[in-house]
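Colleague: Those sequence lines, one after another, are chains A and B. Mapping of the first sequence onto our numbering: position 22 corresponds to residue 82, and the numbering continues sequentially without gaps. Mapping of the second sequence onto our numbering: position 35 corresponds to residue 15, and the numbering continues sequentially without gaps.
Careful: at least some of the hints might be erroneous.
Cut-off 25 Å, straight-line C-alpha distance, at most; resulting in silico cross-link-like pairs (SDA-like, lysine to any residue) [as the list claims (entries may be wrong)]: (1) A:K88 / B:M129; (2) A:K88 / B:A143; (3) A:K102 / B:L165; (4) A:K102 / B:H130; (5) A:K88 / B:T389; (6) A:K102 / B:E135; (7) A:K102 / B:G231; (8) A:K97 / B:A143.
Keep in mind that the hints were calculated from the coordinates and are not lab data. Please read these numbers as outputs of a predicted model, since none were measured by experiment.
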Amino acid sequence: MVRVRIWGSLARLAEGQTEVEIEARNFKEVLDGLGAKYPGLKAHIARGVSLSIDGVIYREAWFTPVRPESEVVLMPYMTGG
Amino acid sequence: MTTDTKRNFKVVGTRPNRPDGVDKVTGRAMYGADATAPGMLWGKVLRSPHPHAEIVSIDTSEAMKLPGVQAVVTGADFGDPESLFVSDVQEHCMAKDRVYYDGHAVAAVAATSASTAAKALKLIKIVYKPLPHVTDVDAAFAHGAPVIMHHRAFEILPPGTSANATNFCEFGHGDLHEGFAKADLIVERSFRTAATHQGYIEPNACLASYSSDGRADLWCCTQGHYHVRDLCAQIMGMEAAQLRVTASEIGGGFGGKTSIYVEPVALMLSKKSGRPVKMVMSREEVFRATGPTISSSMDVKIGMTKDGRMTAGQAVIRASGGAWPSGTMEMGAQAAFACYDMPAVKTIGWNVLTNRPKESAYRAPGAPTAIFGVESVIDEMSQKLGLDPLEVRILNAADAGTLSSYGPTFNQIGLKATLEAAKNHPHYKAPLGPNQARGLSCGFWFNFGGNTSVSLAVNTDGTVNITEGNPDIGGSRASIGMMAAEELGIPFADVRTIIGDTASIGHNDTTDGSRVTFAVGLATIRAARDAIQKMCHRAAQIWDIDPDAVEWEDGAAKPSGPNAGQFPPMTIKEIAANAFRTGGPIAGHHEVNADGAGVSFGVHIADVEVDPETAHTLIKRYTVFQDAGKAVHPSYVEGQMQGGAVQGIGWALNEEYIYGADGRLQNAGFLDYRIPVASDLPMIDAVILEIPNPGHPYGVRGVGETGIVPPLAAVANAVTRAVGTRMTDLPISPPKIMAAKAAAGK
Chain A
61 MVRVRIWGSL
71 ARLAEGQTEV
81 EIEARNFKEV
91 LDGLGAKYPG
101 LKAHIARGVS
111 LSIDGVIYRE
121 AWFTPVRPES
131 EVVLMPYMTG
141 G
Chain B
-19 MTTDTKRNFK
-9 VVGTRPNRPD
1 GVDKVTGRAM
11 YGADATAPGM
21 LWGKVLRSPH
31 PHAEIVSIDT
41 SEAMKLPGVQ
51 AVVTGADFGD
61 PESLFVSDVQ
71 EHCMAKDRVY
81 YDGHAVAAVA
91 ATSASTAAKA
101 LKLIKIVYKP
111 LPHVTDVDAA
121 FAHGAPVIMH
131 HRAFEILPPG
141 TSANATNFCE
151 FGHGDLHEGF
161 AKADLIVERS
171 FRTAATHQGY
181 IEPNACLASY
191 SSDGRADLWC
201 CTQGHYHVRD
211 LCAQIMGMEA
221 AQLRVTASEI
231 GGGFGGKTSI
241 YVEPVALMLS
251 KKSGRPVKMV
261 MSREEVFRAT
271 GPTISSSMDV
281 KIGMTKDGRM
291 TAGQAVIRAS
301 GGAWPSGTME
311 MGAQAAFACY
321 DMPAVKTIGW
331 NVLTNRPKES
341 AYRAPGAPTA
351 IFGVESVIDE
361 MSQKLGLDPL
371 EVRILNAADA
381 GTLSSYGPTF
391 NQIGLKATLE
401 AAKNHPHYKA
411 PLGPNQARGL
421 SCGFWFNFGG
431 NTSVSLAVNT
441 DGTVNITEGN
451 PDIGGSRASI
461 GMMAAEELGI
471 PFADVRTIIG
481 DTASIGHNDT
491 TDGSRVTFAV
501 GLATIRAARD
511 AIQKMCHRAA
521 QIWDIDPDAV
531 EWEDGAAKPS
541 GPNAGQFPPM
551 TIKEIAANAF
561 RTGGPIAGHH
571 EVNADGAGVS
581 FGVHIADVEV
591 DPETAHTLIK
601 RYTVFQDAGK
611 AVHPSYVEGQ
621 MQGGAVQGIG
631 WALNEEYIYG
641 ADGRLQNAGF
651 LDYRIPVASD
661 LPMIDAVILE
671 IPNPGHPYGV
681 RGVGETGIVP
691 PLAAVANAVT
701 RAVGTRMTDL
711 PISPPKIMAA
721 KAAAGK
């Protein structure tokens, strides 16, 4: 299991929680797991999100591994100018 | 990723002449408006004079009768893209049944001359039904405001929200109530920032040529021609392979050329007329109908102990990205307190629709305005507690292991080193004259990498051509060529880098997010390593030894290990000369979705002098300190830091979109929209801190965006200290300073 922090405004869609546990081995499984466990999050994930894994921000990268002890943070999709 | 921090760089870190310099100063460089084609028509756009109206009818019959007119298009010529995002972009380029901002395109004409096209526009009859409008973010957020679009709110919006709110976000950690209870001083302030334009000098321009067999070519000035292709192909209902987009030289972008405006219109005019169509926006059109930044208002509250430790911070940001949904407030809400180690922090962001053009990015979108509010309050608290504002920032600075305000825990970061550099710089202790004061601010930006393709060809004379796919907006051709030369061990002069079109190399994300030197550089180094491996193999074949017994050093293959034999080094020129005899052409390539860009921090110090009679603010001295990772070409890095500072100074002092009560833009030109010019400014000193980024082989970090973040607060804090009253409304124009002084009885 991986502990995933989600940002505050999404908590309403995740039964009020800002930290949830997901069975996942990589980036894609984190997102798939979040969507399966909390269907309300699916629309937001589909619009695009980033993941910070151990302090490194990934915008896509499905197969980036996550470990049970990894710090995993769901973030909005990064944009820039 | 292994960063070679002990490498003795030979090319990286030097300052060769820029490869595009001669073309740009002699006029040889081809910009967007320089493209021409046989039989070319000129396209022009008819724009709405209303900020919000229904389009009751459009009659183009008289325009079509005008001799020379070859095609007219309206919204009815375009379909309905499947993607809501693309649909929004298309509607911003050409209205369908409603106009949403002053300057919204409603029709376009292609004719044999620009003057004929302009005449034809006057013959188009449009009946509008004006609707109530709103251009101010706070007015739009209020209940009862004119509703701009229905059913665009994300599902996360709390019930009872303004009808114009489309997005909401909240970040943070810790117990705010407990944090504020520990504070000796709490300050709460509200701030406003105006929408600004990126101020690029080259107006948007393109040439479209649509063939009768369904293929098309598009030449345009853009920061991302692959993105242009993807958007235009979807809008035109084309397969991506059938639309080739070539990026011209670019006369500035800064985020403003990351979308499309006239490109799909030109393609549709070309498709209808069967002729190439060129379109060049006027300066007025650029202001009225391309994307500026968000406009915003925000409330910031910070608690601090009497020795300067922040105990809690809160920011509520209301931003508008124009008449279509925008997510920029998410970036601002994440960035607002990112510089600090906060025991308790919460940031909230709202996006609100207004009758303005669809926002486009501008360096570090969302961060400058959000950090302006936070850094202003920190400055005010430092004043009230009698503390050195730089020491307060050092005391609270985020460091490795800090839980950031937006969620992740920081790894190695350079903020404290940057603050210490500022503290120890002579500027910080330099004496000030009458009516002068000093302000400072920290800044933060995320940076990212992204999708990148690079091809590196070794020519038969041993020189190298690199094809990459990111328009060069800040010197990337030089830095990419330098990294290739470094890795190959050859002179920089032996490398030429070009920007390929969308059909010549794999996908590349847009030149944005401070990504190119980092991501394209990373891909180039790996492409060079791919070519080196092949060249070592060719040398091994010639020497008849195992390829594993060959290594690369100083531009040559050489035997390595006790059993490799004795052979003199074989240079890249020798290997290249024999390429056809040893297996064929030699090339390296690399494709990657690069991550690990590493966040970036900066600190700016601004000295200002405010004229007591006219309230004119003069920047007397300005120094930028920024963690740049390894600076590949230090002059370009300094240029990015200086350019960001200048644009931020303009945002702080002069620049703003001014809408009248009629909802129309009142200052659509550089005469009334005042950007700082060289004569307004001192030399901007740039101090580069090279703290290696562990996510890049040479330690490179993006530098293009962070520089625009601190100036808003640095300048505002300086002006505030000069005039003795807190300036909270950008731009800090002379009338606002006069009014603030009068209100404070000064």
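Colleague: Hint by hint, note whether the structure agrees.
Modeller: Structure-based check of all given hints:
1. Distance check on the hinted pair: K88 of chain A and M129 of chain B sit about 34 Å apart at the alpha-carbon level, beyond 25 Å; violated.
2. In summary, the hint linking K88 of chain A to A143 of chain B is not supported, as the alpha carbons are separated by about 35 Å, beyond the 25 Å threshold.
3. For the proposed pair K102 of chain A and L165 of chain B, the alpha carbon gap of about 42 Å is over 25 Å, so the pair is violated.
4. Taking the CA atoms of K102 of chain A and H130 of chain B, the gap is near 22 Å; set against the 25 Å cutoff, the hint holds.
5. With a C-alpha separation of about 21 Å, the suggested pair K88 of chain A and T389 of chain B falls inside the 25 Å cut-off, and the hint holds.
6. Simply put, K102 of chain A and E135 of chain B have alpha-carbon atoms about 11 Å apart, close enough for the 25 Å limit, and the pair holds.
7. As the CA atoms of K102 of chain A and G231 of chain B are separated by approximately 41 Å, the hinted pair breaks the 25 Å bound.
8. For a cut-off of 25 Å, the pair hint linking K97 of chain A to A143 of chain B is broken: about 30 Å separates their Cα positions.
The structure shown violates the earlier hints numbered 1, 2, 3, 7, 8.
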